[in-house]
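Chemist: As a plain string of letters, each chain reads:
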Amino acid sequence: MEAFTTHTGRAVPLRRSNVDTDQIIPAHWLKKITRDGFEDGLFEAWRKDPEFITNRPERAGATVLVAGPDFGTGSSREHAVWALQNFGFKTVISSRFADIFRGNSLKNGLLTVVLPQETVDKLWELTEADPTAEITVDLVARQVRAEGVEAEFELDDNARWRLLEGLDDISLTLQNEADIATYEGVRPGFKPRTIRV
Amino acid sequence: MGRTLAEKVWDDHVVRRAEGEPDLLFIDLHLLHEVTSPQAFEGLRQAGRKVRRLDLTIATEDHNTPTIDIDKPIADPVSRAQLETLRKNCAEFGVRLHSLGDVEQGVVHVVGPQLGLTQPGTTVVCGDSHTSTHGAFGALAFGIGTSQVEHVLATQTLPLARPKTMAITVTGELAEGVTAKDLILAIIAKIGTGGGQGYILEYRGGAIEKLSMEARMTICNMSIEAGARAGMIAPDQTTFDYLEGRDHAPRGEDWDAAVAYWKTLRTDDDAVFDAEVVIDGASLSPFVTWGTNPGQGVPLSANVPDPASYEDASERFAAEKALEYMGLTAGQPLRDIKVDTVFVGSCTNGRIEDLRAVAGIIEGRKVADGVRMLVVPGSVRVALQAVEEGLDKVFKEAGAEWRHAGCSMCLGMNPDQLAPGERSASTSNRNFEGRQGKGGRTHLVSPQVAAATAVLGHLASPADLSDATATAGV
Ligand code: SF4
Numbered sequence: 001m002e003a004f005t006t007h008t009g010r011a012v013p014l015r016r017s018n019v020d021t022d023q024i025i026p027a028h029w030l031k032k033i034t035r036d037g038f039e040d041g042l043f044e045a046w047r048k049d050p051e052f053i054t055n056r057p058e059r060a061g062a063t064v065l066v067a068g069p070d071f072g073t074g075s076s077r078e079h080a081v082w083a084l085q086n087f088g089f090k091t092v093i094s095s096r097f098a099d100i101f102r103g104n105s106l107k108n109g110l111l112t113v114v115l116p117q118e119t120v121d122k123l124w125e126l127t128e129a130d131p132t133a134e135i136t137v138d139l140v141a142r143q144v145r146a147e148g149v150e151a152e153f154e155l156d157d158n159a160r161w162r163l164l165e166g167l168d169d170i171s172l173t174l175q176n177e178a179d180i181a182t183y184e185g186v187r188p189g190f191k192p193r194t195i196r197v
Numbered sequence: 001m002g003r004t005l006a007e008k009v010w011d012d013h014v015v016r017r018a019e020g021e022p023d024l025l026f027i028d029l030h031l032l033h034e035v036t037s038p039q040a041f042e043g044l045r046q047a048g049r050k051v052r053r054l055d056l057t058i059a060t061e062d063h064n065t066p067t068i069d070i071d072k073p074i075a076d077p078v079s080r081a082q083l084e085t086l087r088k089n090c091a092e093f094g095v096r097l098h099s100l101g102d103v104e105q106g107v108v109h110v111v112g113p114q115l116g117l118t119q120p121g122t123t124v125v126c127g128d129s130h131t132s133t134h135g136a137f138g139a140l141a142f143g144i145g146t147s148q149v150e151h152v153l154a155t156q157t158l159p160l161a162r163p164k165t166m167a168i169t170v171t172g173e174l175a176e177g178v179t180a181k182d183l184i185l186a187i188i189a190k191i192g193t194g195g196g197q198g199y200i201l202e203y204r205g206g207a208i209e210k211l212s213m214e215a216r217m218t219i220c221n222m223s224i225e226a227g228a229r230a231g232m233i234a235p236d237q238t239t240f241d242y243l244e245g246r247d248h249a250p251r252g253e254d255w256d257a258a259v260a261y262w263k264t265l266r267t268d269d270d271a272v273f274d275a276e277v278v279i280d281g282a283s284l285s286p287f288v289t290w291g292t293n294p295g296q297g298v299p300l301s302a303n304v305p306d307p308a309s310y311e312d313a314s315e316r317f318a319a320e321k322a323l324e325y326m327g328l329t330a331g332q333p334l335r336d337i338k339v340d341t342v343f344v345g346s347c348t349n350g351r352i353e354d355l356r357a358v359a360g361i362i363e364g365r366k367v368a369d370g371v372r373m374l375v376v377p378g379s380v381r382v383a384l385q386a387v388e389e390g391l392d393k394v395f396k397e398a399g400a401e402w403r404h405a406g407c408s409m410c411l412g413m414n415p416d417q418l419a420p421g422e423r424s425a426s427t428s429n430r431n432f433e434g435r436q437g438k439g440g441r442t443h444l445v446s447p448q449v450a451a452a453t454a455v456l457g458h459l460a461s462p463a464d465l466s467d468a469t470a471t472a473g474v
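Read top to bottom, the protein sequences are chains A and B.
Going by our numbering, the first residue of the first sequence is number 1, and it counts up by one from there.
Going by our numbering, the first residue of the second sequence is number 1, and it counts up by one from there.
Errors might be hidden in some of the hints.
[As the list claims (entries may be wrong)] Taking lysine-lysine and the PhoX-like style, the derived pairs with C-alpha atoms no more than 25 Å apart in a straight line are:
1) Lys263/B - Lys191/A
2) Lys263/B - Lys48/A
3) Lys50/B - Lys32/A
[Said to hold, decoys possible] What follows is a set of in silico ranges between Cβ atoms, one per label pair, in the way DEER data are often shown:
4) Asp76/B - Ala181/A: 17 to 27 Å
5) Phe52/A - Pro415/B: 25 to 35 Å
6) Glu51/A - Asp312/B: 50 to 60 Å
Source of the hints: derived by calculation from the structure; they are not laboratory data.
Since we're looking at a predicted model, the values are computed, not measured.
Glycine included, C-beta positions come from ideal geometry on N, C-alpha and C.
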């Protein structure tokens, strides 16, 4: 996983709540068997509209998505995170994320930042008025900064550490392989098995 | 202090707990399907890892599979490639797989329970958000992303922060004609699509205890639509009776030991939930959605709400957008909404009881002119059972299409899709924009409402069916 320390970039203000995973990446894209090449599927239905925010020339190259509440609801598809990353987003700001989406994003190094809705409103106003305005998301200081905005955000220490270091969960877990083996040794015999081994 | 059901199951699966770290939980059952697994297997391959516990892993094909002409090669080359990738991966790594054409094939959340693999007090995961379904057995079951799929394949564990717990107590008894689907739609409308976020829900109370296993699965299935990753119901005699004798249910002494353990899986009287919601089950009536998220629902007897009536600005905006997308006007009675398609199926309502309910209503009646009705069983086993009971004939005689098992129009990854602007009454779980096909408009309903709607051509409940629609004696 790519490490995330701090990022500064221009923003896409997306004034919509409940942006579900079917909007982020429609199901027909999920037939792909790779983790890349999803950029054209991002917000596919909305992007048909030439006026849709990501289609506007002044938003080209923006890397910070400022979204409405309940971003990423719906399915567990990690493709939603890949699509955002493939498109060029490094971080998403919202007042509330769906759990699975948030977990997926943090596992891929896409930093999801939770800020109060009032702060999101300010970021919307700022970046709508001035498309060149930049937002800095600083994971080291756990802070979001933009003109007239300086907001702290929370992220638990463990998740933050893994992001800062770009650590891979599986290798971390396998360091505790002995604990897994111990647990397996005392699991009750009546637990279900899919095959006899 | 006592513990809740969720806390008990959680505690029993902690492999490692350390200050400042998420708990490492052991996973008892890992379900796989073609859509969210290819990148996980690829990750294993790249790292030179193998599947740690093949005996706790099982795969089925469901999302992409066609529901007609299943003996012919799959027309869409991309779908075909994805299924072939799953087959190749399962063969290479040694995972048990039920492919198209196999008698155990079907929607992953229908297959696990019917095989008896889903058991009380187990942890169940799958790269699919509706894994919450399995919570109906008192299992801790939740959807995971592909990185986590790879993690479970490699380690049979997941590092997870413990969610909070929320009790959803449904008092009283559901009235005649009111189903589990109506109840869960009403719950989501009440707490909202983000209301369960960060919680494991426990459904409890008199109305829940009276539900069959299949109805309980319908409820837990849609926990994710309220934002909760998991929903649970304490196991009881209904659960044990459902499991006894199934392929993978314990037998003999194991059965006794299992039941003794399962009986301990109840929230203690002195346990405290982090949040509680109480619903009067007796006050409910058939419920349908009018909007583009599962929280946008009202009783069938109501009218399409006026966005202006929402105090919250973002909800108001969402309602306006939804009405525009759905092609509806505020104040319009729900019963006046005409549909083009009726879809019966999915892991929410594609089980045998659902098909029986639909057949019971459309038997001797006809699907309305101009309405297409698809009946898609949740699994091959469900299909075989339906055929044995003659339900397939009832569907066909009424003018419905009887299809092969799979996810089908629930998400439209296969050819079963709505055309732009088409409107469906669907027993599935998501009414998101474009979910059932680009530009398609979805109303979530119970199987009973789906059946009545198919006959009348507009949203309706069985109570709306007069004798005139019956062609008795035919
Ligand atoms: S039936 Fe629908 S909700 Fe269930 S697993 Fe299939 S696509 Fe997902």
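Chemist: Check the structure against each numbered hint from earlier and tell me which ones fail, lowest number first.
Modeler: 2, 4 and 6
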